[in-house]
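Asker: In order, the protein sequences belong to chains A and B. Following our numbering, the numbering of the first sequence begins with 1438 at its first residue and continues without gaps. Following our numbering, the numbering of the second sequence begins with 7 at its first residue and continues without gaps.
Since the hints were derived computationally from the structure, they do not count as laboratory data. From a predicted model like this one, the values you see are computed outputs, not experimental measurements. Some clues are possibly wrong.
Derived BS3-like pairs: lysine-lysine, alpha-carbon spacing no greater than 25 Å straight-line [stated by the list, open to error]:
1. B:97 with B:40
2. A:1789 with A:1906
3. B:97 with A:1652
4. B:64 with A:1696
5. A:1696 with A:1652
6. A:1696 with B:37
7. A:1637 with A:1685
8. A:1821 with A:1789
9. B:97 with B:64
10. A:1886 with A:1777
11. B:207 with B:226
12. A:1828 with A:1777
13. A:1696 with B:132
14. A:1906 with A:1828
15. A:1563 with A:1543
16. B:226 with B:132
17. B:40 with A:1696
18. B:64 with A:1685
19. B:97 with A:1685
20. A:1556 with A:1546
21. B:72 with B:128
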Amino acid sequence: MTPSIRTFLLINLLLSVTLITSLAIIGNLFLAHKDIQTQLDAQLIRTGLRMQAFFSDYSGDRSLTTIQRNLDTKMNPAVVLRKSNAPESKAAKEAENTLEFQIWNKDGKLILHSSRAPKIPLSNGKTGLSTLWLGGHSWRVNTVYDAENNLTYMVAERSNYRQQLENQLTQDSIFIMLVTYPFLGFLIWVIVGRGLDTLKRVAREVRHRAPSNLKPVDLESVPSEIEPLVTELNSLFQRLQEAFHREKRFTADAAHELKTPLAALSTQTQVALRAETPEARNQSLLKVLAGVNRSTHVVQQLLTLSRMVPEATINEPTQVDISRQAGDVAALLAPEAIAKNIDLELIAPEGKSQILGNATSINILIRNLVDNAIRYTHEGGTVKIDIRANKDTVELHVIDNGPGIPADLRERVFERFFRMIGNQTTGSGLGLGIVQQIAQLHHAEISLKTPKESVGLEVEIIFPKDFNKV
Amino acid sequence: MRVLLVEDDELLGDGIRTGLRHYGHTIDWVKDGKAANDVLATTYENFDIIVLDLGLPKMSGLEVLKGLRERNISTPVVILTARETVDDRVKGLDAGADDYITKPFDLDELCARMRALQRRSKSRAKPIITYANITLDPASHVVHMDEEQVMISRREFALLQKLIENAGRVISREQLNQTLYGWGENIDSNALEVHIHNLRKRFGTELIRTIRGVGYMAEKPPEAE
């Protein structure tokens, strides 16, 4: 089974967010790095200028020993802050990483320096910003030369402090990301869940349906994404409903068709039992017999039809000679034709009318058509079976000069149990339905026509010689 | 009783017609819904009961029944059909049927139900019809007068029942003839007079009054409840 949409979305969205956020953080840090460097460099420059301002009146005679001492002791942030036990230990720690400075006079003598500054020049004396390696550390140095007082100011900061700052930023970003992550996941989970609620509702609606409820699902309440699915589902429902309806109608019709002859049998038998004369009893018994024959015919046709369900396919098709089958049928039904004084004629080419199919079915098809023709044609009429072989097809025509079927009823005669009103002949009403199903099994085309003599009925069936090629 | 049978199946219709004749009923048989509707739309055909199939050509039995009830005709209707679902029964009864019998059925039961409907339509409680000192049993076609059995023919029984059940009302010759003969049967123009004569001979001349030019009438019995 495909994993749930919710899990899929959750995992993929989280992965995408992680990727994008990481890229954003990296990009951000890269830009921040530049910004930080610029800011810190600016600070170095500013500090250099301020120091220059402080010493603008320095003449070289004033001793700076007191200032130096204070710098080393009283004003040393490391010393001062350690003593005061300040609570903001982090800020205090940061304060220790102050800028270092050196002030050199024209003789190359260090006249003033911050407590932790090295005693050797921080730079080579070239003014401006530079980065250099000194005492095992990398330094960023701003060197300012005061020509008026002949003093050189060097303001420096250790690069690893800068690095620390950046690392801190990175850590903070990652920390925030990690903290917000569960919230993000939770939100995605909830939002996707809410989005999928409609899906669940449709599923619930379908789940709670009674098997007989095949009404379409209301498309109004369905999100547009799953509308195609629901539409397909609805069309399936409709097809199912039609099939159910067809089956239900068939069962009802079959029950009707079986019960009416049974009722006739029972009634005629009761009449026979009450008959007052032997003649009357015989007459009723003959009617009972006719009823039994009719019921048998209906049952046989029903069984045939049930074997020819529309879903069936031809198992093990063989070469069937339509001419031969028609010959067999004609021989079988000839006595009935003779009894009604009907001229039964067979026109069949020898050996050219082979098709791929099922011999029994073809026999049933031809028998039903010829039987119908004989049944419905008046006494002294004609019934013609005409078989024509073409290149890829074989045509079967069964032509009679009986009453025919009006054009507007030609579609309906294939319906099960449909019988034309007003004919006194007792058929099962299933014959043409069976013919149609067998024709469909063989991918044959069936059509009802008026013969060129313009009376009667012509049933034309065109069989492909190989139904696999259709 | 004069029965209209509406049934499209030849063999079954023939069986019911022959069977009901044995019970002394007069049967008229139509084979499609439209014919039934046409017959029932005319005013001069009077039926005591209608036996109606539902699956009929041209017009369904239910439509025939609805049309009948819409025209405000209350003739009892028995539906005789192969449709046996509860839904079908309910539909049939709601459309105005008085009884519903499914195929296959027993002829005796059909007749008993027809008698019951006839009894109800005449608002009788007892299955035996009593008129002064005369009693009629529609089930066995036996007539008693003063506790003594009187032998009369089936047609005379039908005639007597028709007159007694409508005591106090004039029944036209046409209606009485319809009670005796189905369509297509040869009606002897004197037959009705002959039957009336026979009934008067057995039960007394004052039982049936002749209304000249109109028909016959049984007087309302003085002690009728």
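Asker: All the hints need checking, so say for each whether the structure fits it.
Answerer: Consistency of the hints with the structure:
1. B:97 with B:40: Holds, at about 20 Å.
2. A:1789 with A:1906: Cα-Cα ~18 Å, so holds.
3. B:97 with A:1652: holds, 23 Å
4. B:64 with A:1696: The given pair, whose Cα atoms are some 21 Å apart, holds under the 25 Å limit.
5. A:1696 with A:1652: Answer violated: residue 1696 of chain A to residue 1652 of chain A is near 32 Å, above 25 Å.
6. A:1696 with B:37: Distance of about 18 Å is within 25 Å: holds.
7. A:1637 with A:1685: violated, 32 Å
8. A:1821 with A:1789: Answer holds: residue 1821 of chain A to residue 1789 of chain A is near 19 Å, not above 25 Å.
9. B:97 with B:64: holds, 20 Å
10. A:1886 with A:1777: The given pair, whose Cα atoms are some 24 Å apart, holds under the 25 Å limit.
11. B:207 with B:226: holds, 19 Å
12. A:1828 with A:1777: Violated, at roughly 37 Å.
13. A:1696 with B:132: The given pair, whose Cα atoms are some 34 Å apart, is violated under the 25 Å limit.
14. A:1906 with A:1828: holds, 13 Å
15. A:1563 with A:1543: The given pair, whose Cα atoms are some 14 Å apart, holds under the 25 Å limit.
16. B:226 with B:132: The hint holds at about 18 Å.
17. B:40 with A:1696: holds, 23 Å
18. B:64 with A:1685: holds, 22 Å
19. B:97 with A:1685: holds, 18 Å
20. A:1556 with A:1546: holds, 10 Å
21. B:72 with B:128: holds, 22 Å
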